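Each residue of the sequence shown is one higher than the one before, starting from 1 at the first, in the numbering used here.
These are computed hints drawn from the structure, not numbers from a lab.
Model, not experiment: these values are computed from the prediction.
Glycine is no exception: its CB is placed at the ideal position from the N, C-alpha and C atoms.
Quick list of simulated restraints, FRET-style, between CB atoms:
1) Ser172 to Tyr287: 14 to 24 Å
2) Thr156 to Pro281: 37 to 47 Å
3) Met140 to Ala213: 25 to 35 Å
4) Gln110 to Pro278: 38 to 48 Å
5) Pro228 to Tyr192: 27 to 37 Å
6) Ile263 to Pro31: 12 to 22 Å
7) Gly198 to Arg76: 18 to 28 Å
8) Val301 to Gln227: 27 to 37 Å
9) Ile263 to Glu151: 41 to 51 Å
10) Met130 to Thr156: 26 to 36 Å
11) Asp231 to Pro47: 46 to 56 Å
12) Ser285 to Phe195: 27 to 37 Å
13) Phe72 to Pro31: 14 to 24 Å
Pairs of lysine-lysine residues, derived as DSSO-like cross-links and limited to a Cα-Cα distance of at most 30 Å, are as follows:
14) Lys36 to Lys67
15) Lys13 to Lys44
16) Lys94 to Lys79
17) Lys36 to Lys119
18) Lys119 to Lys67
19) Lys42 to Lys157
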Amino acid sequence: MGGKVTCTLGEVKNRADFIIYWGGNPAECHPRHFTKYTLTQKGKFVPNGRKGRTMVLVDIRETPSEKASDIFLQIRPGKDFEVVTTLRALLKKKRVNKESVAETGLTVEQLQDLVERMKRARFGVLFFGMGLSMTRGKHMNSAAVLTLVAELNAFTKFVAMPMRGHGNVTGSDMVMRWTTGYPFGVNLCRGYPRFNPGEFSTVDLLVRGDNDAALVLGADPGATMPQPGIDHLARIPTIVLDPKVTHTSRLARVHITTAATGISAPGTVYRMDEVPLPLRPALQSPYPTDEEVIRRIRQAVSVKTA
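Given the sequences, and given the hints that come with them, work out the whole structure.
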């Protein structure tokens, strides 16, 4: 995601008067998002807090987040790409087919109203969640949203930001980015990094059953992946490094308990807006850190292959 269409959460708090959540349920998944950064906080340029902000929720069903929204747009499952491309067309004053739009669960009038509201915003932000990036269309949905936001900047200031899942997912993206040049979906089989979302992404590899082993670090794909991917993890040798027992560790061959980062292990985490936060441990742990375990595995592998 380029620097042109994103910002920090601090900028959202101080500037955003128009907020869209698309394919996410922050009321349950990011419970402090509303109160700390987006809706209720009084910002420098939004002194009235909630009264000075408009929130739009786009989702396939009503969730607890709907109660906090000013406008709720319920679309049909798998129609995100069509809705985004229609918004882009309306933004450029292109004609759209009413029958085709009706198949998304919305009307042209609803989408035209959203476009006008986005154009009138002083500072707009679009947060998109796994409901957009993990359903039909996947990375193409994300690319379409980023393109829409970039095009909105011809009218006003608009930014986009993914609503990340597990802790420090952004951190892993950052490390992959500065080591390989790509944030995820990287294949190193040929000795150099190749990037192809949809082919080399974790979920696609697992669903297709392309890999014959898995090493899971501080994540829980067994709780969020599609069932075929979870079934494949159970079939192959899966190794999990995690401070606690997870859905994935229950189906793994090996679970190594590690120290919890920020509590009993030092480290740096990245907030969802890519702001680094250094963590200092407050407690001691009898368990090794993730870094220690990986270093020992690497040493053992190098000795064996030497």
